[in-house]
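Number of protein chains: 4
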Amino acid sequence: MCRWVAYAGPPIFLSDLVTDPEHSLIAQSLGAEEAKVEVNGDGFGIGWYGERTEPGLYREILPAWSDDNLRHLARQVRSRLFFAHVRAATGTATSRANCHPFANGRWLFMHNGQIGGYAGLRRTIEAMIGDAHYGARAGTKDSEALFLIAHSRGLDRDPVGAVASTLRDVVAAMRVARVEAPLRVTAALSDGQRLFAFRYASDRRPPSLYWRRDGGAIQVVSEPLDRRREAWNAVPDGHALVCCGAGGCDVVPLAVEAVEAA
Amino acid sequence: MCRWVAYAGPPIFLSDLVTDPEHSLIAQSLGAEEAKVEVNGDGFGIGWYGERTEPGLYREILPAWSDDNLRHLARQVRSRLFFAHVRAATGTATSRANCHPFANGRWLFMHNGQIGGYAGLRRTIEAMIGDAHYGARAGTKDSEALFLIAHSRGLDRDPVGAVASTLRDVVAAMRVARVEAPLRVTAALSDGQRLFAFRYASDRRPPSLYWRRDGGAIQVVSEPLDRRREAWNAVPDGHALVCCGAGGCDVVPLAVEAVEAA
Amino acid sequence: MCRWVAYAGPPIFLSDLVTDPEHSLIAQSLGAEEAKVEVNGDGFGIGWYGERTEPGLYREILPAWSDDNLRHLARQVRSRLFFAHVRAATGTATSRANCHPFANGRWLFMHNGQIGGYAGLRRTIEAMIGDAHYGARAGTKDSEALFLIAHSRGLDRDPVGAVASTLRDVVAAMRVARVEAPLRVTAALSDGQRLFAFRYASDRRPPSLYWRRDGGAIQVVSEPLDRRREAWNAVPDGHALVCCGAGGCDVVPLAVEAVEAA
Amino acid sequence: MCRWVAYAGPPIFLSDLVTDPEHSLIAQSLGAEEAKVEVNGDGFGIGWYGERTEPGLYREILPAWSDDNLRHLARQVRSRLFFAHVRAATGTATSRANCHPFANGRWLFMHNGQIGGYAGLRRTIEAMIGDAHYGARAGTKDSEALFLIAHSRGLDRDPVGAVASTLRDVVAAMRVARVEAPLRVTAALSDGQRLFAFRYASDRRPPSLYWRRDGGAIQVVSEPLDRRREAWNAVPDGHALVCCGAGGCDVVPLAVEAVEAA
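Residue numbers (our numbering), protein chains in the order written: chain A, 4 to 265; chain B, 4 to 265; chain C, 4 to 265; chain D, 4 to 265.
Think of the hints as simulated: they come from the structure by calculation, not from any bench.
SDA-like cross-link-like pairs, simulated, lysine to any residue; straight-line CA separation at most 25 Å:
#1 Lys39(D) x Asp23(C)
#2 Lys39(D) x Thr95(D)
#3 Lys39(D) x Arg215(D)
#4 Lys39(B) x Glu37(A)
#5 Lys39(B) x Ala30(A)
#6 Lys39(A) x Asp23(B)
#7 Lys39(A) x Ala30(B)
#8 Lys39(D) x Ala91(C)
#9 Lys39(B) x Glu25(A)
#10 Lys39(C) x Trp235(C)
#11 Lys39(B) x Ala96(B)
#12 Lys39(B) x Pro24(A)
#13 Lys39(C) x Thr95(C)
#14 Lys39(A) x Asp206(A)
#15 Lys39(A) x Ser27(A)
#16 Lys39(A) x Arg125(A)
#17 Lys39(A) x Ala91(B)
#18 Lys39(C) x Ala91(D)
#19 Lys39(B) x Ser27(A)
#20 Lys39(C) x Glu37(D)
#21 Lys39(C) x Leu33(D)
#22 Lys39(A) x Gly241(A)
#23 Lys39(A) x Glu36(B)
#24 Lys39(D) x Arg207(D)
#25 Lys39(A) x Gly34(B)
#26 Lys39(D) x Pro24(C)
#27 Lys39(D) x Asp206(D)
#28 Lys39(D) x Ala30(C)
#29 Lys39(A) x His26(B)
#30 Lys39(B) x Arg207(B)
#31 Lys39(D) x Glu36(C)
#32 Lys39(B) x Tyr121(B)
#33 Lys39(A) x Ser27(B)
#34 Lys39(B) x Ala38(A)
#35 Lys39(D) x Ala38(C)
#36 Lys39(C) x Glu41(D)
#37 Lys39(A) x Ala234(A)
#38 Lys39(C) x Gly34(D)
#39 Lys39(D) x Ser27(C)
The shape of chain A in the complex, shown without the other chains (with noise of 0.2 Å):
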């Protein structure tokens, strides 16, 4: 389990929401509140749009809290839209290609959760992966696979259906395979325009997810930056946010339980 912040609006410094609220990114790397885990210390990332089509990254194996090259990029890079994410791996070992955020062209993703016995069906989820996609998938995790299928799944004509259509398969996977596990998700995902924000579970027990309008802007996280809770909505299980530039955001089903039930 893992926390994140999206944010989308007037360019702000990253450091406004990843090392300088009460409850920053950074704060939730030490002491998340409502994760399975405490301690968020397996690697971080950061990505962001500039001035290019496709977005920055820079990611790292270290715990966020004592980097400072983190630390230097959020107090010197601006942008009008960017993710970061820290991350909770217990046990395994950290490399910077199973670090979220994940680029592919103008897209960049990050997700919180876990696809249920994941190990033993890695190799039925891989083959999600287009041909055409295969060739970035650069890590072994279960995150990264999510990606790629949902680029296999027309992304850039329909991101929303093409992440529902994504966890929909991955849901008959697991259920072919007897798996018990849970798929649990929350996402980010971005390209370089429109933000999406995905909560879905398939025992109904998504990972937190909250969002807020703040002037022009939009933030959204896996647990709220401030004390005042009441200002973030959650985001419902089993829909999607979408949020697109200056014509703001709707909250929309994900259609993985309609046609699962189907």
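Take the given structure of chain A and dock chains B, C and D to it, following the hints.
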């Protein structure tokens, strides 16, 4: 504040203390119970005596809990005298040179605690390191400085006296500079034959330190490795534990306060 | 292209081959003489057999020449059978999981060379790894894939046959995909008792590989460790060197081409 | 011996100098042509001025050629004044704190060269750092010491004079200690507005240093970034290059020898 273990006795695998016990050093790195901070994720190190006079050293800036190399070494290296240390230095950059243990010639040293007001006293403290040992200064922290000062105070002839003399002079320097924060030390020291452990606090509130005999072996630890607390003896504040191979261990007073009061 | 050394014989310190000789592996990491690139600074690793059935492993993404931990381990670890490897992968990110040697159960493997057209063939190659071993896939490179395929081809029963079968199938897959770049392999393999070395190139231009007997010991190296070239024997292209403890070594043909031509 | 580039002018992406030119800094990290060693793989760093008074910093102990984060940052960060540095320190451990550039307040500094006999002189050299700046000493090397001494010699008021005074005192200390190895320096310095570059050797054999005007921009480099050598001017030994925004650049003598000879 950090956590550490030291061992002397019949050769055992490092994993017997570092990874395997119920409340092993690795377990303490994620959930210390008697330290100011729970997480010790800012680097770690092991030092051990094998076939050579000088000890081996493996130090890394990653958290101990996610380092596969440590897991491998702990399972493969068997030693009759070894140290292991996990570090908490939240908020400052981590480098191997600042990780414990420190080695110099045949000596090995590790430390948990602090020199109150070290930032302002650093220059004064470093000036206590004799010219002959200043070249060995590879990092910037107080712990390594204590080790090198002890070298310059006759470590080879009288290890307990050299450490007491070091602490005395540091306390004196703190007093001159009107530092109110305390000096707090637990430390382990070895020349490859004898094992020394120290516990001292200028405010009588030293970090926790325990030891026990187990067959022909001695274990000294920041926190008991299991829940059988009655099996562990606290090292008294202001004292050193001196273990000389088959000769057993003595607890002797550290002449810090005595001279200080004179 | 990488450089490596393998040793079997009376226990010696790893430093005897890794750091001390005139043209030691560390020297080769900065100035290889028989490889396409001179610098092998993209990670390194050592694997050794000690008191346990499975080997120890230390792998790191830094250049071998600047790693203090390696220097310490090479001076402290004494082994009767060990591998050491320095890696050149200029231009791609380095992770420990992609560093050699690779360990799986009691087996150890390292490789120098390339599967021509691997980027396009990766999926096909990975499909050759049997389900029982796919879970052990921790990286993304061709070398680890070769090792795991060999596991699925009966490595435990017939190591030379399993490697030959692996190479045969890879060559066949390259042919189907009309890859023109060659398969080039030198590799070392051990189960903790026997030492195997392989040299093969589909274009008859294999990487360099030498071996020698030195008292009761066997050394296999990418490049001679000293200037006495006449003391070293080349392993012939398309052959395996098979060393069985006191039983000495045999050079046997690798049944890649034979079957291939059939 | 290291290699570096400095830029001042209209904002450009760091990749324009660091990764893209024919003989870019990354190319130099693997194949320097005018340095004592060809490989500069012992860490690297970039420092740049953006929207804040103090510079940003990204330093890493990996070789520059294999660091994906560097590639990303160089493509995303656009700056009107930046430094980049690749380091050669073969044989000694690498830490971020010893990587260039160094930042202190609004100042940025990087260096190539050596203080002859530094190991024996380190204490004397460090004593030249004023108390006000000793706390900023994060590493152990001569380069950072030069920067902090210059701070204590009036860097804020007279940068060229402060550096000259620093070099003068270092040469004097070397003379007192009868060090025969030379002081050799090329260095870049900035306060975020002006760009200074220095070239000096006590044995008149300074490391290479070139500069050129390109439109409204200034580039200062250890080695030309392309094969058009005639387009690059050598900075003369014993001189400083002083560039003040639109005001252009002057080459002025460094008062090291003059005073020294008095």
